[in-house]
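K.L.:
Chains as they are written, first to last, in the working numbering: chain E, 1 to 637; chain Y, 1 to 286; chain D, 1 to 558.
Please keep in mind that the hints were generated in silico from the structure rather than gathered at the bench. Heads up, the beta-carbon is just placed ideally off N, CA and C, and yes, glycines get one too. Be careful, since some hints might not be right.
To be verified - Result set (SDA-like, lysine to any residue): computed pairs, CA atoms no more than 25 Å apart in a straight line:
id, chain 1, residue 1, chain 2, residue 2
1, D, 40, Y, 84
2, E, 412, Y, 247
3, D, 40, E, 419
4, D, 106, D, 407
5, Y, 137, Y, 116
6, Y, 90, E, 590
7, D, 40, Y, 27
8, Y, 90, E, 423
9, Y, 212, D, 407
10, D, 245, D, 269
11, D, 417, D, 108
12, E, 585, Y, 124
13, E, 412, Y, 137
14, D, 40, Y, 261
15, Y, 212, D, 269
16, Y, 90, E, 581
17, D, 40, E, 581
18, Y, 90, E, 613
19, E, 585, Y, 129
20, D, 417, E, 222
21, Y, 90, E, 96
22, D, 40, Y, 124
23, D, 40, E, 585
24, Y, 90, E, 593
25, Y, 137, E, 610
26, E, 412, Y, 35
27, D, 215, D, 198
28, D, 40, E, 516
29, E, 412, Y, 212
30, Y, 137, D, 450
31, E, 412, Y, 121
32, E, 585, Y, 121
33, D, 40, Y, 22
Claimed, not checked - To give a feel for the contact side, a few chain E residues facing chain Y, derived at Cβ under 7 Å:
id, residue
34, 5
35, 81
36, 94
37, 98
38, 280
39, 284
40, 411
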Amino acid sequence: MADLFIGDDTADEIEIAAVAAAVGTPTAVVRESERLVYGGIHRRRDHRHLLLPALHGLQNAKGWISPGGLNHVCEVLQVPPAEAYGVATFYEMFRLDEPELGPETTHVTHVCVDAACQIAGNEELIAEFEARGAHVHRSPCLGQCERAPAQFHQGIGRPDSVPADAVEADTVPADAGPADTVPADAVEADAGPADTVPADAVEADSVPADAVEVAVKIPQQGGPSLRLLRNVGVVDPTSLRAYRANGGYRALARAIEMGPVAVCTAVADSGLSGRGGAAFPTGIKWRAVAAEQGRPKHVVANCDESEPGTFKDRVVMEQDPFAVIESLTLAGFATGAENGWIYIRGEYPLATARLRNAVGQAREAGLLGDDAAGSGHSFDIEIRRGAGAYICGEETALFASLEGFRGEPRSKPPFPTTHGLFSEPTAINNPETLINTLDIVLNGAEDYRSRGTERSPGTKLLCLSGRVSKPGLYEVEFGTTLGEVLELAGPLTGSGTLAAVLMGGAAGSFVGPDALDMPLTLEDTRERGTTLGSGVVMAFTDEIDMVAVAVRIAEFFRNESCGQCVPCRVGTVRQHETMVQIQAKGSLSAQRRSLVDDIAEVMVDASICGLGHTAASAINSAIALGLLPEGGHDDDH
Amino acid sequence: MTTTEVSVNLTIDGQAVSVPEGTSIHMACESAGTPTPTLCWAENLTPVNACRVCVVEVEGSRALVPSCARAVEDQMVVQTDSPRVRHSRKMVLEFLGSSVDLSQATDLAEWMRHYGADPDRYDQPDLPAERISEEPKIQDDLYIRDYDKCVLCYKCVEACGDDAQYTFAIAVSGRGFDARISTEFDTVLPDSACVYCGNCIGVCPTGAIQFKTEFDMRSAGEWRPDEQEVTTTVCSFCGVGCNLELHTQDDQIVKVTSPADHSVTHGHLCIKGRFGWQYVQPPTRR
Amino acid sequence: MFGAGGGTSSYTEVEQTDIVLLWGSNAREAHPIYFHHLLKGLGDGARMYAVDPRRTSSAKFADAWLGLNVGTDIALANAVGREIIAAGLHDTDFIAHSTQGFDDYKAAVEQYTLDRAEEITGVPGHAIAEMAHDYATADTAQILWTLGITEHHNAVENVLSLCNLALLTGHVGRWGSGLVPLRGQNNVQGGGDMGALPNKFPGFQDVEDPVSLAKFETAYNMSLPDKAGLHLTLMFEAMEQGAIKGLYVIGENPADSEADVAHARKLLDGLDILVVQDILMTRTAQMADVVLPAAVGWAESEGTVTSSERRVQRVRAAVSPPGEARGDTDIIGDLAKRLGVDWGDPTPQDLWDELRSLSPMHAGMSWDRLESERGLQWPCRDEDDPGSIFLHSWLWADDLEGRDPAPFSVCHHEGPKEQLSDEFPLRLTTGRALDSYNTGVQSGGFASPIRYGDGVDMNPADAEQLGISDGDRVRMCSPRGSVETCVRIQPDIPRGLTFTTFHFPELVDINQLTNPEWDLRSGTAEFKAAAVRIERLASTRVNAPVPDVDSATEFADG
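Start from the sequences and build out the full structure, keeping to the hints where you can.
P.N.:
Below is the structure:
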């Protein structure tokens, strides 16, 4: 008759060990003696945030979350099983039914099915894997659009990996343990015997970090104009010593001299705005959190980069992780927050390992912890992995996920600056936004504003993909035109001509070739009815079946809608059905067209969060550009 | 214990309204005589603002605002009948009507007429709109769960969880259109944490969770709400003094609820209050 | 406590208090909706200590569970008091102004050191100290209890030892702090309010107080006994001595519910006449010479009941009583007529108005107000009085409103009457389960999927020592009798303790074992502490039988 009712299924030794490795020895219930037990609601609440790491532990150990494993986690963390099940079933990377895997199966191969990979032969890759008997999972965008078609190996009894990362695996110290309080969450980019990895890649294990020959990471690598990407491919991302030797941690030192108020002022004066798509002024956000007193405060690095077409933060985290750590520490100092969190998407094993390593080294060097970097301010960072949910990039959904709940967004107001993580004041920024502040603090707001435009100061990271010959991450000043950017990425591939460019990802919109003169600024894109969003610039030529692309975008939103609000939960399904109908009938009838508009309007007007607000955006723009065939009648067959 | 009430002035559809600080727009609308449709809101639960059927237009706000969850602000200008509001309400009702069985959600039919909702327009002869399709779960003698009717308003989860009962036997599982209210691994209710307080049923707006007695009577065509009377009395099973609403038909108790606005129960009962009445009737006492 | 018998605080207060001591109460199962209010408080940050021999479903919500030995509540309470004083955390101003007898109390608790208390209670001393400090330093704190405190031979002393803690810290008489006994039945409080006590008139006016006596004699136009009558336990003693030869039982089932029930049945059998007025054919009714079938109070008749927060609320008829069943007041009125007194045919409202005219604490509760305000909390002295959210605010008045300061009580640890022995080495305690109620007469009427069924809970180590496995049939014996049941192995019950509900007398006649030793002041028997022996039966294992609706019905139908 206990309220925390745990069923009869029990965990096996592997599962118990995996959970222990993931969450240590929690104290949700302490049975001090037969006559004294500490427990109750408050302890349960205090431990809830360990649920996601514990579920990762189970999934990784067995390739699924078994009833016994789930019961064990519930017992250890005192989470009601129905709630834990609700959380586990929310995420793409967790499965709750036993997969049919042979005992030798070491991983499931996720292959991306979103736009950049869809037009780069992902189906052929999937067919190839399946022919070889691999376990394939069709995944939403894996954030590797510059190397489409992308894949990710979800390990079973071994760490997750990305085959393309294998050449870098060596540079990560094998023992990233002390870097985080959640050791088993560590997913080193140890690619192991993955099927696409050359056998000799593992040899690199023995090469000392500093001696690794740096490969080309970005097309502009080492270019003199780079501000945000200046370290990428130039500075060893695994070495704090190397980072400091190249000017690292000077910004934090400068910030400590200036004091929190002056730092917030500089950030505000710089005109820096959020780079995730919403473009909220960072200085205002930081000041609001700094003004909150008397409650624990948090700064969160939103590293759940999941917008289809986006991979900028991944590259930054993989290649310049100390910059992310330094700037998050700086944010903590400026806002007076003692708790730093990194919430990184689960499909980024190398970035996770690099950040973990960086946190560990920073902690060891006294740059984190009590009196972090000699600031007199206590600050530390915990890293948490997402588990496959686009919605968790939405800040309030991210908080819910990190707290151990389903990643469902919360209504705003109240805003995160007063009611963020654990309902406490929180500043949340993505890595690109964060690393901008290093430059601002070091060189001043005025210098920062000398780049870009009046209303869009600074530089912007852009993710070039699609039919361009040099896909990759680029840094340009705001105000560079779309045409100039596409030129940087080289001539189009294939034999077609440019038909459309997807700006800002699935949540963004298509523009036509007539937009090549558009300066890429917040104000100009807004004026032209499009968006910079997360910096996606994906080129499509007229050889591409745009109906198939539209169907997939609609399917993406249908799959990724959390289901909480009706407009998005049902609207994304009805929208997808309409796209499928176009595919089946060859064109969009006038009746269906009006339905599409009706669906779009309610999703924009009445959804809870940005996912619903933008779910119709790309499709609407595709229709407006004439990329989808119109005409005919519903009754035509 | 008592606080001085501060008034907030706003306009609703052009009418000046003054309500205490902290009042929701929804309640302000009610007090202004402007009824608002709602599915997921209940006075005894924390607003989850999931259904979005109560949205209103607030001047200065880009998107529409859920009136149940947003507190009024001074000088707020609220529109409850603008074209955007009418469109969103109509669409939400259409979306629900096209996906689930709303036949027992009695208030909704009227609202659907009001807003001109046409759930059938999503169906095509060759491509029918996808609907939730589930068989009723009948796993014990007290409850049935028929998720064909579930609008995923979260009320049952809240009542089972930290809005009242703290049992957490059910939660939302899955995601998007596939999300369902579920026990862990969809285990049968008697093997779950459920303690059969019936508070999920008490708050369900669509009959997706039902007392088995009601379900059986409905199935037999014997459920006649028009002939039912409701008498408020006090439960006999402990000394807390829970108010019971006895729903009677043909001089028999057919269902027990509790008033949501009463300070003792806030509409919630325990298994004894909810089901313990059966001894009063045949076969025990006649 | 300090006057009228009722909980000091309202349910809403526990939603906003800081510290809760839940002492001898499994409110999660016995008072589930009260527990909702408590959970709201915990959810909003309140912390709770649960003091109970078992780690009950209520205790699992506690920040700390203190599993004391059965019947050692006074030792624990006194140790808490001593620790508060030793740490200087007592409210000296409140004690000086509003209480009396502190010095004696202080001297009396001096011997209850943490070490000694640990020895007596089994609870680690540091946990006792933590509870003492949290309780004393909280802005607001409440002590809640139920039968774990009162079903002992020293029930009143148990209660007083808890009241002492409130007096020591000033946690009474103000919003959020208080002493809350939760009532087990829907009108236990109302019965007392109405004078269904051997020593009280309605409104807790003492029968031995000449002023009260004169008031009621005038009102009723007859002379009334000027001495307290007998409570239930004394009635059974009187039956034993032959002083009582006839018994009129209304809505009680002593043939199942009395401690040492075999003995109680013998006494009921030996009566010259037994009249039972009940809604169902209980075991007691089956023994009766005359059965008066009654209407169900809460569903078939009009009236009032009073809750644990002193809230008087209306009950109403929703369905007609079956057959010849009639309302209690009709039956009593007709009986009076047959006995030669005509009280007329008063309506429930007439009876209520008579009460209001005689009981000052009900005077303001007009029938109309009870309807329109959906219940009122006593005292409510006139029609402008909104009723009382909490009691004893006079303790905080400069002049104590003319009353005497509240007295500390000196209480000492005694322990259960029945000591454990080699012959009966295990402690048996009893309690309620969520879906059942008392002897199961009413709650057996529906098919609960969570029915606990009969059976005795045992610690795994004890079971192993006795060679007993989960589900084994056993014989359980006390000095008074023996029953057969099955064992449920339960890690949450400490070694040496066994537990069973009393809801299934037709399956396990548990009150054959319980101890009829009773408290002189309250008349409550020591249901909570018997000494027993458990032996494994040779027969094969079977699962715990769960009574189905039909068998419960059969029984009720007789």
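K.L.:
Run every hint past the structure and note whether it holds.
P.N.:
Against the structure, the hints:
no., hint, in the structure
1, D/40 to Y/84, "violated (38 Å)"
2, E/412 to Y/247, "violated (40 Å)"
3, D/40 to E/419, "holds (20 Å)"
4, D/106 to D/407, "holds (13 Å)"
5, Y/137 to Y/116, "violated (33 Å)"
6, Y/90 to E/590, "holds (20 Å)"
7, D/40 to Y/27, "holds (23 Å)"
8, Y/90 to E/423, "violated (34 Å)"
9, Y/212 to D/407, "violated (55 Å)"
10, D/245 to D/269, "holds (10 Å)"
11, D/417 to D/108, "holds (22 Å)"
12, E/585 to Y/124, "holds (12 Å)"
13, E/412 to Y/137, "violated (36 Å)"
14, D/40 to Y/261, "holds (16 Å)"
15, Y/212 to D/269, "violated (43 Å)"
16, Y/90 to E/581, "holds (23 Å)"
17, D/40 to E/581, "violated (50 Å)"
18, Y/90 to E/613, "holds (18 Å)"
19, E/585 to Y/129, "holds (16 Å)"
20, D/417 to E/222, "violated (88 Å)"
21, Y/90 to E/96, "violated (37 Å)"
22, D/40 to Y/124, "violated (49 Å)"
23, D/40 to E/585, "violated (56 Å)"
24, Y/90 to E/593, "holds (18 Å)"
25, Y/137 to E/610, "violated (35 Å)"
26, E/412 to Y/35, "holds (24 Å)"
27, D/215 to D/198, "holds (17 Å)"
28, D/40 to E/516, "violated (59 Å)"
29, E/412 to Y/212, "violated (39 Å)"
30, Y/137 to D/450, "holds (18 Å)"
31, E/412 to Y/121, "violated (33 Å)"
32, E/585 to Y/121, "holds (18 Å)"
33, D/40 to Y/22, "holds (20 Å)"
34, 5, "holds (3 Å)"
35, 81, "holds (4 Å)"
36, 94, "violated (11 Å)"
37, 98, "violated (11 Å)"
38, 280, "violated (13 Å)"
39, 284, "violated (17 Å)"
40, 411, "holds (5 Å)"
Consistency note: the structure conflicts with the earlier hints numbered 1, 2, 5, 8, 9, 13, 15, 17, 20, 21, 22, 23, 25, 28, 29, 31, 36, 37, 38 and 39.
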